[in-house]
Amino acid sequence: MSDKEKRIKKFINFRYHDYKSLEEKLNNYAKQGLFLESVTSQSWIFRKGEPKDLKYTVTYFSDTSIFDSKQTDGLKTYIDYAKEYGYNFITQAGKIQIFVTEVDNPIPLETDQREKFETIKQCSKVFTLNSYALLFIFGINVFTQMLNITGNPVNFFSNSLAQMSLIMMILAVTHSLHSIISYKSWCKKCANSLSSNGELALYNSKFSRFVDKFYFIFALIMLAVMLFYASLELSTIMILSICLPVVFIFIAFTTGFYIIKKRNFNRSTNRIIYISIGVVSFILYNLIIFFGLFHYSAEKEVDTERTITVTYSDGDTRTYNLYSDELPLTCEDLYGDIGYDDYSYKAAYSNTLFMKSSDYTQYSFEHNDVPEISYSIYEPKFNFVYNIVHDCLIEDNRFSTYTQIDNTLFNTNECYAKNYENQLAKAYVLFYDDMIIVIDLDAPLIEGQADLILDRLIQ
Amino acid sequence: MARDKYQTLTEQMFYILICLQQECCGIDITKKILEQTDQRVVVGPGTLYNLLETFAKDGMIIETKVEGRKRSYIITPKGKSLLEKEYTRLSLLIKDYNSMV
Chain P
1 MSDKEKRIKK FINFRYHDYK SLEEKLNNYA KQGLFLESVT SQSWIFRKGE PKDLKYTVTY
61 FSDTSIFDSK QTDGLKTYID YAKEYGYNFI TQAGKIQIFV TEVDNPIPLE TDQREKFETI
121 KQCSKVFTLN SYALLFIFGI NVFTQMLNIT GNPVNFFSNS LAQMSLIMMI LAVTHSLHSI
181 ISYKSWCKKC ANSLSSNGEL ALYNSKFSRF VDKFYFIFAL IMLAVMLFYA SLELSTIMIL
241 SICLPVVFIF IAFTTGFYII KKRNFNRSTN RIIYISIGVV SFILYNLIIF FGLFHYSAEK
301 EVDTERTITV TYSDGDTRTY NLYSDELPLT CEDLYGDIGY DDYSYKAAYS NTLFMKSSDY
361 TQYSFEHNDV PEISYSIYEP KFNFVYNIVH DCLIEDNRFS TYTQIDNTLF NTNECYAKNY
421 ENQLAKAYVL FYDDMIIVID LDAPLIEGQA DLILDRLIQ
Chain V
1 MARDKYQTLT EQMFYILICL QQECCGIDIT KKILEQTDQR VVVGPGTLYN LLETFAKDGM
61 IIETKVEGRK RSYIITPKGK SLLEKEYTRL SLLIKDYNSM V
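As they're listed, the protein sequences go chains P and V.
Just so you know, our numbering puts 74 at position 74 of the first sequence, and the rest follows in order with no gaps.
Just so you know, our numbering puts 28 at position 28 of the second sequence, and the rest follows in order with no gaps.
Keep in mind that the hints were calculated from the coordinates and are not lab data.
All of these numbers come straight from a predicted model, not from anything done at the bench.
Watch out, some of these pointers could steer you wrong.
Only pairs whose alpha carbons sit at most 30 angstroms apart, straight line, appear in this in silico DSS-like list of lysine-lysine [stated by the list, open to error]: (1) P:189 / V:57; (2) P:121 / V:80; (3) P:125 / V:78; (4) P:10 / P:76; (5) P:381 / P:356; (6) V:31 / P:83; (7) V:85 / P:76; (8) P:70 / V:70; (9) P:83 / V:32; (10) P:83 / V:5; (11) V:70 / P:55; (12) V:70 / P:261; (13) P:76 / V:5; (14) P:76 / V:95; (15) V:57 / P:125; (16) V:78 / P:121; (17) V:5 / P:125; (18) V:95 / P:121; (19) P:70 / V:78; (20) V:57 / P:76; (21) V:31 / P:76; (22) V:78 / P:76; (23) P:70 / V:57; (24) P:83 / V:57; (25) P:206 / P:52; (26) P:125 / P:189.
Working from the sequences, and respecting the hints, build out all of it.
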């Protein structure tokens with residue numbers, strides 16, 4: 001067996017203060033012939049060998065850091081003390097130190113439960129701070145997303161990506177909350193137990209592992225679905241702009257750790273190197289996203305043979321793709337032959353958990369004096385969605401007001417005309433049993449157009 | 001924080017401070033405690049290291065000698081007063097026990 005074949009990599013999930021379950025796991029691996037050798041930033045590396053009955057001990061040592069390239073003097077002394085009692089140091093993962101012994105009934109590494117509890121709390125400070133920071137960041141994200149939803153619920157109900165993004169953020173918030181609550185409740189149980197001279201409380205690791213697995217699998221599924229929806233709506237270059245930097249940042253951080261371990265710099269220098277890598281990666285990530293957004297269209301590329309080059313007043317010229325989608329109602333239907341060939345006919349469909357929607361537009365990039373039209377058909381799947389969309393679509397704002405008009409015009413349950421300042425109504429919101437239509441015309445309705453709209457849009 | 005920590009001493013804390021009335025190096029402390037207590041009180045190496053670090057940081061003991069990684073310590077007046085306070089507390093407990101039981 002080659003050296004590579006003798007080793008096996010594993011991903012081990014455990015809570016920082018859940019040392020008991022980690023010890024049991026390592027003991028069981030040893031019984032199966034797998035012996036922990038080292039811990040890297042991504043995996044735990046085991047050496048294959050003859051099964052043995054070993055006892056692993058996980059301890060916490062506050063005077064170590066992930067930024068240490070070699071063992072500190074304090075840790076070396078700690079290891080010396082442990083050796084005197086038959087414990088061999090295996091490896092460390094951050095502030096966690098892992099020892100192993102073959103001695104039967106060994107003297108525990110830590111015999112003072114109160115001291116052990118204080119050390120764990122001390123070492124968990126970064127973990128709790130991280131959890132609070134994540135809770136704050138994700139909480140702010142959920143809050144801003146909720147503000148956007150209340151501002152434009154129609155967009156939210158018809159946008160799968162927005163819905164999934166919110167679900168992901170809510171997941172992240174609840175997971176951070178769970179981490180904090182479970183740690184705090186463990187601390188409380190320990191404090192109670194210690195006050196009556198008891199042992200440190202056992203952590204409910206099975207439940208936590210289940211929660212972690214559930215969140216992990218759910219998040220992976222959501223990410224895959226989000227990527228699928230993004231591929232339908234966003235251009236390839238945009239998806240690459242989003243995904244590639246994540247890979248790039250991962251490589252940058254892994255390389256950072258590698259450099260830290262290989263170079264014999266002190267903790268502070270390593271910390272500066274690592275933070276610098278983080279900052280540079282973050283700036284590069286944002287530059288790539290910005291570059292992607294600025295130079296390339298965020299929307300999915302269309303395979304179209306029709307393009308138009310528009311020259312603006314400042315001499316700048318831009319070429320646009322012209323869509324030729326099938327629209328159920330066009331300006332030509334409403335106004336007859338217009339004699340303009342550079343219209344873009346665009347249709348967009350979405351079918352989300354809450355609503356099915358279709359958006360149609362016929363527009364001119366040159367802004368010639370030719371009529372344009374846009375309309376949307378919404379089919380809410382739940383009553384509450386219908387009601388929210390209803391209220392949102394007829395809410396007055398500083399640009400326009402809505403007046404209820406006669407239902408006979410469009411044969412509706414409810415019908416509203418949208419009035420712009422000092423202008424005759426050119427836009428209507430039509431409410432039917434299961435459908436809402438918003439239509440924006442370029443000129444007020446003339447005789448026969450309402451029947452035509454009804455005929456084309458209500459199947 | 002420090003006040004809470006030293007309000008009552010754990011057995012390990014108490015015996016380490018007793019041992020350090022004379023200069024002593026880390027690992028020898030645990031051996032001394034085992035002898036003194038007929039193997040009743042065991043101080044694990046992790047606990048020993050952490051307690052020595054905490055005591056030194058809080059000025060209860062002072063480092064006297066470093067030979068390689070072997071460090072020796074001795075109790076300070078502050079540590080002695082803590083030990084006496086604990087002795088008084090324990091004596092009171094015994095007195096109360098004797099008068100009540």
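Status of the hints after comparison with the structure:
1. P:189 / V:57: holds (28 angstroms)
2. P:121 / V:80: Since the Cα atoms of residue 121 of chain P and residue 80 of chain V sit roughly 28 angstroms apart, the hinted pair holds (cutoff 30 angstroms).
3. P:125 / V:78: With Cα atoms ~29 angstroms apart, residue 125 of chain P and residue 78 of chain V stay inside 30 angstroms; holds.
4. P:10 / P:76: The given pair, whose Cα atoms are some 27 angstroms apart, holds under the 30 angstroms limit.
5. P:381 / P:356: holds (7 angstroms)
6. V:31 / P:83: holds (14 angstroms)
7. V:85 / P:76: Between residue 85 of chain V and residue 76 of chain P the Cα gap is close to 34 angstroms, so the pair fails against 30 angstroms, i.e. violated.
8. P:70 / V:70: Cα-Cα ~19 angstroms, so holds.
9. P:83 / V:32: holds (18 angstroms)
10. P:83 / V:5: holds (28 angstroms)
11. V:70 / P:55: holds (27 angstroms)
12. V:70 / P:261: holds (27 angstroms)
13. P:76 / V:5: The given pair, whose Cα atoms are some 26 angstroms apart, holds under the 30 angstroms limit.
14. P:76 / V:95: At roughly 45 angstroms apart (the allowed maximum being 30 angstroms), residue 95 of chain V and residue 76 of chain P break the hint.
15. V:57 / P:125: holds (19 angstroms)
16. V:78 / P:121: Between residue 78 of chain V and residue 121 of chain P the Cα gap is close to 26 angstroms, so the pair holds against 30 angstroms.
17. V:5 / P:125: holds (18 angstroms)
18. V:95 / P:121: violated (36 angstroms)
19. P:70 / V:78: Judged against 30 angstroms, a Cα distance of about 35 angstroms means the pair is violated.
20. V:57 / P:76: It holds: about 19 angstroms lies between the C-alpha atoms, which stays within 30 angstroms.
21. V:31 / P:76: Between residue 31 of chain V and residue 76 of chain P the Cα gap is close to 20 angstroms, so the pair holds against 30 angstroms.
22. V:78 / P:76: holds (28 angstroms)
23. P:70 / V:57: holds (23 angstroms)
24. P:83 / V:57: holds (24 angstroms)
25. P:206 / P:52: Holds, at about 25 angstroms.
26. P:125 / P:189: This hinted pair holds, its Cα atoms lying about 18 angstroms apart.
Violated hints, listed in ascending order, are 7, 14, 18 and 19; each of the other numbered hints is respected by the structure.
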